[in-house]
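Below, each chain spelled out in residue letters.
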Amino acid sequence: MTLKVNFRQLSILVFMSFIALKFLALPSLLYLDSKNMSWMVALALMIIDGLYVFLILDLMKKSNHHNILDFMKATLGQVMARVFLVLLMLKYALVIANISKGLEFFVVENFYEKMNWVVFVLPLLLLTGFMAYKGVRNIARVSEIICWAIIFGCIYIAVKSLMGVEPLNFLPLFDEGVAPLFKSGFHHLSWFGSCTFMFMLFGKVDFSRKKLGQMIKYIVFSILLVMLIYFIFFGLFDVTAPIHTFAISDISQFSSGHSSIDELSWLVVSLWVTAQAVQLALYSYCMVETIKALFNVRSNTFPIIAVLLYIFMWSFVGEMTVGLEKVFLSPYASIVTLIAQYVLPWLMLIGYATMGKIKRQKFNDSPQQENVPEEKPRVRAKAVKNEET
Amino acid sequence: MKVSKETKSKIQKKLHQSSDIKTRSVQFFGTNVDLMYIADITDTLLMNNSLVYPMVSFKAGETDDVVKELKDKVLSNHEVNEFSSEQEAIDGMLKGMTIILVDGADKILGCDMEKITTRAVMEPPTSVVIKGPREGFTESIKYNFALIRKRVKTNDLVIKTLEIGELTKTEVGIVYFSSVADKKIVDEITKRLSEIKIDGVLDAHYLISYLQRNKHSLFKQIGDVEKPDILVGKMLEGRVGILVDGSPIVLTLPFVLIEDLQNSDDYYSQPIRVGFVRILRLIGVIFAIILPGVYVSLEIYHYKILPTKFLVTIMNTTQGIPFSPFVEILFLVLLFEILYEANLRMPQYFGMAMSIVGALILGETTVNAGLVSPPAVMIVALSGITFYIIPSQAAQFSILRLCAIVIGACLGLYGMLIFCVFVLSYLSNFDSYKSAYLAPTAPYIANDQQDLFERANIADMKKRPKSISNNRKNSVRRGKDDSQS
Numbered sequence: 176m177t178l179k180v181n182f183r184q185l186s187i188l189v190f191m192s193f194i195a196l197k198f199l200a201l202p203s204l205l206y207l208d209s210k211n212m213s214w215m216v217a218l219a220l221m222i223i224d225g226l227y228v229f230l231i232l233d234l235m236k237k238s239n240h241h242n243i244l245d246f247m248k249a250t251l252g253q254v255m256a257r258v259f260l261v262l263l264m265l266k267y268a269l270v271i272a273n274i275s276k277g278l279e280f281f282v283v284e285n286f287y288e289k290m291n292w293v294v295f296v297l298p299l300l301l302l303t304g305f306m307a308y309k310g311v312r313n314i315a316r317v318s319e320i321i322c323w324a325i326i327f328g329c330i331y332i333a334v335k336s337l338m339g340v341e342p343l344n345f346l347p348l349f350d351e352g353v354a355p356l357f358k359s360g361f362h363h364l365s366w367f368g369s370c371t372f373m374f375m376l377f378g379k380v381d382f383s384r385k386k387l388g389q390m391i392k393y394i395v396f397s398i399l400l401v402m403l404i405y406f407i408f409f410g411l412f413d414v415t416a417p418i419h420t421f422a423i424s425d426i427s428q429f430s431s432g433h434s435s436i437d438e439l440s441w442l443v444v445s446l447w448v449t450a451q452a453v454q455l456a457l458y459s460y461c462m463v464e465t466i467k468a469l470f471n472v473r474s475n476t477f478p479i480i481a482v483l484l485y486i487f488m489w490s491f492v493g494e495m496t497v498g499l500e501k502v503f504l505s506p507y508a509s510i511v512t513l514i515a516q517y518v519l520p521w522l523m524l525i526g527y528a529t530m531g532k533i534k535r536q537k538f539n540d541s542p543q544q545e546n547v548p549e550e551k552p553r554v555r556a557k558a559v560k561n562e563e564t
Numbered sequence: 004m005k006v007s008k009e010t011k012s013k014i015q016k017k018l019h020q021s022s023d024i025k026t027r028s029v030q031f032f033g034t035n036v037d038l039m040y041i042a043d044i045t046d047t048l049l050m051n052n053s054l055v056y057p058m059v060s061f062k063a064g065e066t067d068d069v070v071k072e073l074k075d076k077v078l079s080n081h082e083v084n085e086f087s088s089e090q091e092a093i094d095g096m097l098k099g100m101t102i103i104l105v106d107g108a109d110k111i112l113g114c115d116m117e118k119i120t121t122r123a124v125m126e127p128p129t130s131v132v133i134k135g136p137r138e139g140f141t142e143s144i145k146y147n148f149a150l151i152r153k154r155v156k157t158n159d160l161v162i163k164t165l166e167i168g169e170l171t172k173t174e175v176g177i178v179y180f181s182s183v184a185d186k187k188i189v190d191e192i193t194k195r196l197s198e199i200k201i202d203g204v205l206d207a208h209y210l211i212s213y214l215q216r217n218k219h220s221l222f223k224q225i226g227d228v229e230k231p232d233i234l235v236g237k238m239l240e241g242r243v244g245i246l247v248d249g250s251p252i253v254l255t256l257p258f259v260l261i262e263d264l265q266n267s268d269d270y271y272s273q274p275i276r277v278g279f280v281r282i283l284r285l286i287g288v289i290f291a292i293i294l295p296g297v298y299v300s301l302e303i304y305h306y307k308i309l310p311t312k313f314l315v316t317i318m319n320t321t322q323g324i325p326f327s328p329f330v331e332i333l334f335l336v337l338l339f340e341i342l343y344e345a346n347l348r349m350p351q352y353f354g355m356a357m358s359i360v361g362a363l364i365l366g367e368t369t370v371n372a373g374l375v376s377p378p379a380v381m382i383v384a385l386s387g388i389t390f391y392i393i394p395s396q397a398a399q400f401s402i403l404r405l406c407a408i409v410i411g412a413c414l415g416l417y418g419m420l421i422f423c424v425f426v427l428s429y430l431s432n433f434d435s436y437k438s439a440y441l442a443p444t445a446p447y448i449a450n451d452q453q454d455l456f457e458r459a460n461i462a463d464m465k466k467r468p469k470s471i472s473n474n475r476k477n478s479v480r481r482g483k484d485d486s487q488s
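Chains A and B, in that order, give the protein sequences. Position one of the first sequence corresponds to residue 176 (the numbering used here), numbered consecutively onward. Position one of the second sequence corresponds to residue 4 (the numbering used here), numbered consecutively onward.
FYI, nobody ran anything at the bench for these hints, they're computed from the structure. Keep in mind that a hint or two might mislead.
[Unchecked claim] Simulated coverage check for chain A against chain B, where a stretch passes if three residues somewhere in it have a Cβ under 8 Å from a Cβ of chain B: (1) 179-188; (2) 301-310.
[Said to hold, decoys possible] Dumping the calculated EDC-like pairs for lysine to aspartate or glutamate here, alpha-carbon to alpha-carbon at most 16 Å: (3) B:K307 / A:E288; (4) B:K13 / B:E91; (5) B:K307 / A:E284; (6) B:K98 / B:E85; (7) B:K118 / B:D46; (8) A:K236 / A:D540.
All C-beta atoms, glycine included, are put in the ideal place defined by N, C-alpha and C.
From just these sequences and the hints, can you work out the full model?
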């Protein structure tokens, strides 16, 4: 059995990544810039993300099972490869910060009156460290199990809240022209670019049962699901949307009609924590892989410790707004996403196209990366000792 | 080696003059023939009738080759073993053979006269079925082989035996279908078994730690069955069975978690009912593990998310309880575990009295005394009952439940969720002999969904499960003619 993820698992990872950040603070933040056209921004950027998935898939196939660093070295050159790797690392760091901070406030707001996040972050670090250490196949398998619960949960909340939606809240459209759409799109770009994690899966996807139809289905479904929740969120809250920080939990509270979350909704809301935790593990894994590639480290241990310390550091940033405004909503963050997600694939494609036949042949013939993890030397030593005794 | 009077004494000496070593001397063709056997494991009646009596009653003439005459005239109905050393003869004797020492012969002869003492074939208590075969394995490996052979009439069935245990020299059998099982897995199992260095194997469970890859894991990595129909069913899917003489448990490999949600009854019942029952089992498992933990976390941290009416009921019943919900639940869980252990070990006739003491006196009195609340008793009782939906995993569930309670008390619902993802992640990482532990859910295997939460009609289950590593060239269950139609 290989340690690669299969195409279905990749589709699920894409699906989870597409919806993970969209149901928390994003809807209310989008409303600040683009009012009742916010859903259009999200729709446009998600469609673009969806198209980029296929571009990255094409690059993955062209990489011929080489990892991202090798592929970037071959297509962009040594220096540019490292520069872009740093940019990717920054993008992952941004997503990690967003997820961990978002998760903290989501949990605090929905479940606890008072909590010490420094203590509470420890189990999250344990889980993230474990999953990142075990690799992307492990994360993909967990996603395969929990994604259905999350889909059913979202649909349950949506169906329950649908009756209160006021369609007139979406009008008028384009009363300030299309400029706010672009402004809002750029401003919130860091929340999108959901397929950047795929770069770290170069050489780790089994294309033997590639079904593009399956991928299209998952992408379309994720867009529809996000649009459904946005439709309900903006339809329910309209001008009060900015004060509703977490779409997924606020919609369900609205539906219950009283202050506490009703019967099953709390279960659905709590399921969202699992989705966030798995996403955190996925992006932590990506960051670990980037660090390994950047610093030529073979062992997982030190990069994982570095990433966990980075996550832990965020628990000392008290206010979520500080974290968001200073880091995630800054134009720098948008630029990082713009380059890492939307420019880099084209550069790689152009680089590959201009490689020349001989260089391409040489690249394809060069040894592929190993997918079998290194055997632990300690274990091997023990085995030898046993044999001797 | 020449057999002489000394040979007998040498063998007796090597066996430390044990009192159950018996010898008989018979004259055959004027030559002294000594029979040696171990009284308790040898069928003396068979020996007398088929060996001693023909030798004694044989009208002897003259012969140059007594051994040949013995083989041709007396032992023609038996499989005769020839031993060239005393140690080999002793090994044969220990397996129930009667060894024949013919004065002056080059070799010691041995005939299998083993007296197989075993209980009758009965329905095993852990695999009771409403409809379906009731035969269970016994402690005799020979009987168990026969029970398998009875169901399988093909030359594809392979039974290999090994001897494990320096002192016990226990017979261990590996059974599989050569056309279905993955040869690499068979080879790996055989290699692992043949490399075992241990003084004794008293039960199949002794082999588990040698066969499982993750030795320190809490989770079960090897299947166990007690009924031949289940074993053959598993073998038809590509698994390998490991039988141990002296144990009614047969180990099966590879193992996937979903196996424990399946029951032999499922294949003898209506598919619709089976789907419903399997989902109930899964819910039962989830209840068993996390329900007390969720209760504790809701009581301590998240009482606000409970519906108001439900919250009022809980508040009314928990008022005046001197302990925190954590201590309350922990106390009840430990009480339940103690009662279970005591009930399991004490003589059967105490069982009823124990149930009364446990359920009525302890349960009722603690509630009436206001030490624990009725919802806590109900939660622990529900969790305790659902444990035994899958009895083979009860030990693991018990540990997980304790972890869930502690995490629920320390971190609340958030901790419980992280705990659940952690367990899933841990299990996702397991591979048992090339089979993913959580297959066919993660990784998703479309073909195997037909026997997951729903069970397709047997007629529609045309392909062997892909979750189990088996011979892919023989993946179709039915014959060529049938599949073509």
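Do the hints match the structure? See the list:
1. 179-188: Check passed, 3 qualifying residues.
2. 301-310: holds (count 5)
3. B:K307 / A:E288: holds (10 Å)
4. B:K13 / B:E91: Distance of about 13 Å is within 16 Å: holds.
5. B:K307 / A:E284: Holds, because 12 Å separates the two Cα atoms, which is no more than 16 Å.
6. B:K98 / B:E85: holds (14 Å)
7. B:K118 / B:D46: Holds, at roughly 5 Å.
8. A:K236 / A:D540: holds (14 Å)
Comparing the model with each numbered hint stated earlier shows that all of them hold.
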